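Number of protein chains: 2
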Amino acid sequence: MQSLPQSATADTISLLLGHPDPTTLFTPEFQAAVERTLALPQALTALQYGNEQGNLALIDYLVGKINRDQGLGISSRQLMITGGSTHAVDLVARLYTRPGGAVIVEAPTYADSLHIFRDHGIELHGVPLDEQGARVDELEKLLTRLSASDNPAKLFYTIPNFHNPTGITLSQQRRVEIVRLARQYNLMLVEDDVYRDLAFEADIPPSLFALTEGVNAIHIGSFSKTLAPGLRLGWLTAAPETVQRFVNCGTTQMGGGASPFTAQILAEYCRSGCWEPHIEHLRRLYQSRRDIMLTALERWMPAGVTWTQPDGGFFIWLTLPDDLQARDIKQQARARGVMVAAGEGYFLDPADGAHHLRLTYSFAPPSDIERAVRILAEVIGSSG
Amino acid sequence: MQSLPQSATADTISLLLGHPDPTTLFTPEFQAAVERTLALPQALTALQYGNEQGNLALIDYLVGKINRDQGLGISSRQLMITGGSTHAVDLVARLYTRPGGAVIVEAPTYADSLHIFRDHGIELHGVPLDEQGARVDELEKLLTRLSASDNPAKLFYTIPNFHNPTGITLSQQRRVEIVRLARQYNLMLVEDDVYRDLAFEADIPPSLFALTEGVNAIHIGSFSKTLAPGLRLGWLTAAPETVQRFVNCGTTQMGGGASPFTAQILAEYCRSGCWEPHIEHLRRLYQSRRDIMLTALERWMPAGVTWTQPDGGFFIWLTLPDDLQARDIKQQARARGVMVAAGEGYFLDPADGAHHLRLTYSFAPPSDIERAVRILAEVIGSSG
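Protein chains in written order, with my numbering: chain V, 805 to 1188; chain Z, 805 to 1188.
Worth flagging that the hints you see were computed from the coordinates, not collected in a lab.
In this text, all values refer to a predicted model and were calculated from it rather than measured experimentally.
Accuracy of the hints is not assured; some may be wrong.
[To be verified] With a Cα cut of at most 20 Å, we get these calculated DMTMM-like pairs of lysine to aspartate or glutamate: (1) V/K958 x Z/D923; (2) Z/K958 x V/D923; (3) Z/K945 x Z/E927.
[Said to hold, decoys possible] Simulated coverage check for chain V against chain Z, where a stretch passes if three residues somewhere in it have a Cβ under 8 Å from a Cβ of chain Z: (4) 817-829; (5) 835-848; (6) 894-906; (7) 961-971; (8) 1032-1045.
C-beta: ideal position from N, C-alpha, C; glycine also.
Build out the structure end to end from the sequences listed, making use of the hints.
Now the structure itself:
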């Protein structure tokens, strides 16, 4: 079935990609913000090279929101607008690692971040997860071992909330312990937190950035999951000297700040108070999708299959019985019109993902989610 | 005068930055293209993650324009939409060099490209220019020397048309010779050609990309100089396998194609036939600015000062008498409200730029250009 496309068509259901629900992207409020932007004197400025740190109105808005939401007191010198989380992860890889240098990631972790780190020639080490997130005992063992080597780890990249691909949230206790280890081993903590605003239930624990008071920590956010990926805008928060280092680097100096035109539209959209109710709407929407998927999994999955219970975000992580290969299940499901991701790509050693599947509930409509889980369950039930 | 801003204010005139005339950026045609885009079904697609190679309609438009303008026959598999030329230069540095690897640049060359190459840890070598562009005899000497070393050069980065910072255009004869050397030494030619469409007079010689028939050559274009930098969009053309390599890299896979939303607006703008007349308007505008600056230089500059005669683009390169330091002149001019760039930043060895200034005629209005050149001439005349 190699000719099948990578996204949903009339005949296929995609539980594959971490894309937001397409029906949520284009709203009257967004359209109105574009039209207001075109009528403002700032439209002209937004078409010239921009301030390197990013659109100042958008920076001010985000600083206010972050301080309000998380009870922090960051300043505008601590936030930089980026071209999505991609740009932020790439800036970190570019300026806070060196080729051959050691970086620790979760196992599993976001496949495309692994790809960026590998493009920079970085030596990667993985820390396994359990239902509370990264295992601190394993992290400590790894740090001890690497600090005794000639290549000590300088950076830990983590997705603490509604983790991609597992949906797991790092517990508060683990966060405190990770911060302690980071201080002990002089480890930069990089927190890819693009699902943070999509919490369905209780409050999530404080960010590592908050727990470290912003020392040796970089926090990454994005508009891709809570507004629209096609705008390619996100942000990072860090110590002022870290933000300045990103501002002073070659790509920022050459191109100026991230997408001045779309950043001006977003500043207009956010300041008019449209974004927070939109996020609230998405929370309810994705919560109901998660519930539909969990209910369908309960109803249809054969014994021996287990899965995570995410409290937010886009993903559920399935564990197959040991005698079933995720790659085979993926191919068979595809032949029946259901696309899912096999676990291999999320691990440094692909074999570690041989019995896992990632299911996305954010993209497909509710009736498709139910049908897709049923088909997937049939495929799994008839295998092995 | 450290408190003076880096851009023009009521009291200062900027001949400093390579920015387009701000009055040309926001046009009724651009506004109409935005409004049409919002009304199209594609608006929704443009807000989702985009095709990794870029907006397909924009790719098709650019392929058609390039083939028409340059008499080429490139296919859509040979063009990728990028986040300005910055993204293209960075992709090249990322995937076609390695830290410590040798890259040849012109001396002088674009300061921010030097910055990007340095961020990638690249070993840089410079080839001097004369009024016909890069000196091929010096390039050949350098290639011979490096190919006998353990670090042969893999890539030559050139700005062939209306070069930044000198305004010089590489002659046809030199282009043919450079292509010959590139074949002989297996050198990738990277052509940063963002001023190409701003030719004032005669046709410019064929691109290196055209002369090599796209083999081992990457050509970089941009909307920043001929439409609006704040859109952060450009493109590159290369062999299909090179484009595929850029498409397959981590940052492209993670973020998707360059700015889907603004790319859809640009596709709409370009396909409606607005861009080419706009370019024609800019050609006439910048030609008249160049003429004003050249006339003012002739009229006011003291003996011993020489300058280039650009056939297009944004820049004139001034050479001061040996007893005058560009840095001092820059500071004194600043104190009198005129901002220019000193030559140091454009060379691998800053000392090579000690007697040069770059003047930009694209940004300031005509009356300011005249006044600024007169003030600069007074500063130079009263120095030394």
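Inset, instruction - Count the residues of the region 961-971 of chain V whose CB lies closer than 8 Å to any CB of chain Z, then report whether that count reaches three. - result: violated (count 0)
Inset, instruction - Between the region 1032-1045 of chain V and chain Z, see if three or more residues pass the 8 Å beta-carbon test, and mark the coverage as holds or violated. - result: holds (count 5)
Inset, instruction - With a cut-off of 20 Å on the C-alpha distance, tell me whether Z/K958 and V/D923 pass. - result: Given that 20 Å is the threshold and the Cα spacing comes to 18 Å, the pair holds.
Legend entry - Distance restraint between Z/K945 and Z/E927, which requires alpha-carbon spacing of 20 Å or less: holds (17 Å)
Inset, instruction - With a C-beta cutoff of 8 Å, work out whether three or more residues of the region 817-829 of chain V approach chain Z closely enough for the coverage to hold. - result: Holds, because 5 residues of the region 817-829 of chain V bring their Cβ atoms closer than 8 Å to Cβ atoms of chain Z.
Inset, instruction - Would you mind confirming whether the straight-line C-alpha gap from V/K958 to Z/D923 stays at or under 20 Å? - result: holds (18 Å)
Inset, instruction - Count residues of the region 894-906 of chain V with a Cβ under 8 Å from any Cβ of chain Z, then say if the count reaches three. - result: Holds, because 5 residues of the region 894-906 of chain V bring their Cβ atoms closer than 8 Å to Cβ atoms of chain Z.
Legend entry - Proximity test - 8 Å, beta-carbon atoms, the region 835-848 of chain V to chain Z, at least three hits: Holds: 6 residues of the region 835-848 of chain V have a Cβ under 8 Å from chain Z.
This entry does not satisfy hint 7, going by the numbered hints stated previously; all others are met.
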